[in-house]
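Produce the complete structure using the sequences and hints provided.
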Amino acid sequence: MTVLFYICAALAILAALNVIRQRTPVYSALSLIVVLCALALVYLLLGAEFMAVIQVIVYAGAIMVLFVFVIMLLNAGKETSRQRSRLARWLGVPLVTAFLAEILIAVWSQFPPVAASPPPPPDGSPAAIGTLLFRSYVLPFEVTSILILVAVLGAVVLAKKEF
Amino acid sequence: MNLEVLLPLLLLPPLVGAAVNGIYGRRFSQGMVSLIACASAGLSMLVAILVAWTYSTTSTGPAPFSHSYFTWIQAGDLRADVALYYDRLTLVMTLTVTVVAFLIHLYSRGYMEHEGGYYRFFSYLNLFLFMMLTLITAANYPLMFVGWEGVGLCSYLLIGFYFRKQSASDAGKKAFIVTRIGDAGFTVGVALLFWTFKTLDFQTVFARIGELPPGQYAGTLTAIGLAIFLGAAGKSAQLPLYVWLPDAMEGPTPVSALIHAATMVTAGVYLVARSSILYAHAPKALAVVGVVGGLTALFASTIALAQNDLKRMLAYSTISQLGYMFLGCGVGVFAAGIFHLMTHAFFKSLLFLAAGSVMHAMNGELDMRKMGGLRHKLRITHATFFIATLAISGVPMFAGFFSKDEILAGAYEGPLGQTWLYWLGTLTAGLTAFYMFRALCLTFWGKSRVEPETAHHLHESGFKMTGPLLALAFLSIVGGYVSWPRALGGGEAFDRYLEPVFGPAEEALRNAHVHNPEGLSGGALMTFSVLAACIGIGLGIWWYWKSIDTPRKLAQRFAGLHEVLIHKYYIDEFYNWLIVHPIHILSEKFLWRVVDQGAIDGVLVNGAGEVSTEVGGVLRRIQSGNIRSYAAWVLLGAVLWLLYVLVIH
Amino acid sequence: MVPLSHYLALSAILFVLGGAGFIIRRNMISVVMCIELMLNGVNLAFIAFSRFRGNLDGQLFVFFVIVVAAAEAAVGLAIIIAVQRNRDTLDLEDVDSMKL
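Chains as they are written, first to last, in the working numbering: chain A, 79 to 241; chain B, 2 to 650; chain C, 13 to 112.
Careful: at least some of the hints might be erroneous.
[Said to hold, decoys possible] Derived pair list, reagent style DSSO-like, types lysine-lysine, alpha-carbon separation capped at 30 Å: (1) C:Lys111 / A:Lys238; (2) C:Lys111 / A:Lys156; (3) B:Lys371 / B:Lys465; (4) B:Lys448 / B:Lys554; (5) C:Lys111 / A:Lys239; (6) B:Lys448 / B:Lys465.
[What the hints assert, rightly or not] Computed spacing ranges between beta-carbons, pair by pair: (7) A:Leu182 / B:Gly610: 46 to 52 Å; (8) A:Trp168 / B:Leu620: 16 to 22 Å; (9) C:Pro15 / A:Asn153: 42 to 48 Å.
To be clear, the hints were calculated from the coordinates, so they are not data collected in a lab.
C-beta atoms are modelled at their ideal positions from N, C-alpha and C, and glycine is treated no differently.
The structure is reproduced here in structure tokens:
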């Protein structure tokens, strides 16, 4: 079981690296899908089966498809490398490494690997999530529905050819 | 009517007059302006007489009267009230000042008729009177200083009255700045006084000084005395701060008469006299006062010998006579100094006013070489001028004789008297007589050297001007009779009158210093001074009456000395080289170029602007419009913040 | 048992990679994809915490994050389309008119 996590982790990381390394947007999109699926597996391992499925259906299945559609629509080609700010070049990698290091240090100090036995895992079934969603979090739920409506309208207006 | 109410009434009319004329005067007619001004001065004079009468008939005798009206300064130990003080010395001073001021106000009605700025003149003149009276009646040093500064201000305003004339406004500035140096001394002295005695009220301070055992605080008191004398020397034009007074003749003649002969310049003498107890306990300082007074008297009279400008000569004569007053105070006969102050106010202001009358007749000309024989056309002016000349020369039976003689007697046998000072004073008396008769001869007697165009204009002045001349002439004769000398069998009433004021000081001095004069009696002394006067008069008349050949030949023979005297010993040039020019250079080359333009404008003002622009220019590049760089900055911020949280927390 | 910190480490790595990619990439669409990567890293952290604390709130939060991410992706892509139509470029370097 634990091995599976590490495999998925490694996969996710490699695919993420690929996302940022690939010049062609289509390849980046595909690598991102791999990341999403790896993460879905990890969610399963963590007992969040509903979320894992949602991840795959919504995120990988709808959002990424949208991305691919747009890439195709706009005929996004290879990225050309033009002038780069020298600051970014020299400061970029150290900065990012520092950032990562800081976060890891924070995490490590707060949650040392030797942990006491964790509480029993929650029930990640749709029923449980549904209960919580429609009881405690019903207001955010309704609001997000309006949010989606607004987003749809906005996307339509923004992408129109002419008014 | 009690004194509490009367004393402010003494001060207020001139202030009100100054305010009314100052604010509304432009719309008034000349008659209205002069009515307000002269009425204010006259009212002050009447109140002064009333106050004097009330004070003299009150049952408390010669004790001083003091009343505090309200607290002006209260800061820790320092307390200065608006409080007025009245004793016999104040009586003498107020009567002298108000009478002379009133007469001069009347005279100015005629004199300033055709000059511009009529209402401005009278406003300033009234303001001056108010300040002078404040100075005299103040009950503590700070209030006195208010009057002190006030008269300095009015002096500046009135000297520079013809402000469009460069020399006049320069003279005003010179007067103010030179007296400022003296004022610094005054302030230091007063500060030391407060530091030592914790009070500045006259009665309290003088009582405390009087109670001191002899010798205590001697050093401090000497320092205070010298510092205060510096202030007096500035205001009363003694060495080395006399240089402003001759230049002050740029002002209208009534100003010269009132301020620079009778009142303001005597403020220094009043200051020293008022602080007599202080000087009695600081005899070294008092000795300095006497010596400086004596030397100034001689010095100024030598310069007066060679002056050709009538008013300038009178100015040096004033400096010389002021020296006499300080000499009197300095040898311990304060009453004699004040006596001379009073008589000098009468005859010197008369001399100036008469000079003004001459100036009017001569269409503005003041060079005595262009005058002569004026007594035929200007009868009253000549007569009064003659009387004043007799008075100042120390001719017996005229006012100046009595007062000058008392001072010389004091120099010989007074507590701090020195024999050489006596001979110095006598010599100066001779010189005074000489140059005054020189002036008289050159101006009024002998052949007329007047230029033809001016000769047409010659006329005696109207009664508005000659009236006051006559009044002052009368005072110049009888003014001295208040103190008939002992040597002639009199009781020296004036001295005895001021005994309550100066008694403690004179007694302290007598106890501490026993001076044994060499045995010339009072009568012998008097004879010497009369002799000196006669020699001076005789020489003056001999040389200058019929023709001016003799002095002219002498001037050619001793050309060098003559030049030095005419140029006033080149003191002004010396001061210019020593003080004025270096300050000018410092101001221009350093303070202006370096400090103002360079440091303040350049570094602070422009520099601040440029730094802002530069920094702004640099910071502007962050806002590049490039989204990726924005993201990078955000990341940087996050990294730094996390660093702070992790490490420092 | 995989300790919590490992999950969080993975989450951190994904987030940092997303952030780095956001700065590095010049294509607008790739940049939006890197944003999605960052969001996913955060989601993982939420789910991990939800597991190790024993309640479902973390997962609920992920639910909402996914919803919002969808909306945001839609609108963002619409904007990119509009920009491409007006400026004929998908390069972030060219979209810099909001500068001083």
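These are the hints, each one checked on the structure:
no. : hint                            : result
1   : C:Lys111 / A:Lys238             : 27 Å, holds
2   : C:Lys111 / A:Lys156             : 27 Å, holds
3   : B:Lys371 / B:Lys465             : 26 Å, holds
4   : B:Lys448 / B:Lys554             : 19 Å, holds
5   : C:Lys111 / A:Lys239             : 27 Å, holds
6   : B:Lys448 / B:Lys465             : 29 Å, holds
7   : A:Leu182 / B:Gly610: 46 to 52 Å : 48 Å, holds
8   : A:Trp168 / B:Leu620: 16 to 22 Å : 21 Å, holds
9   : C:Pro15 / A:Asn153: 42 to 48 Å  : 47 Å, holds
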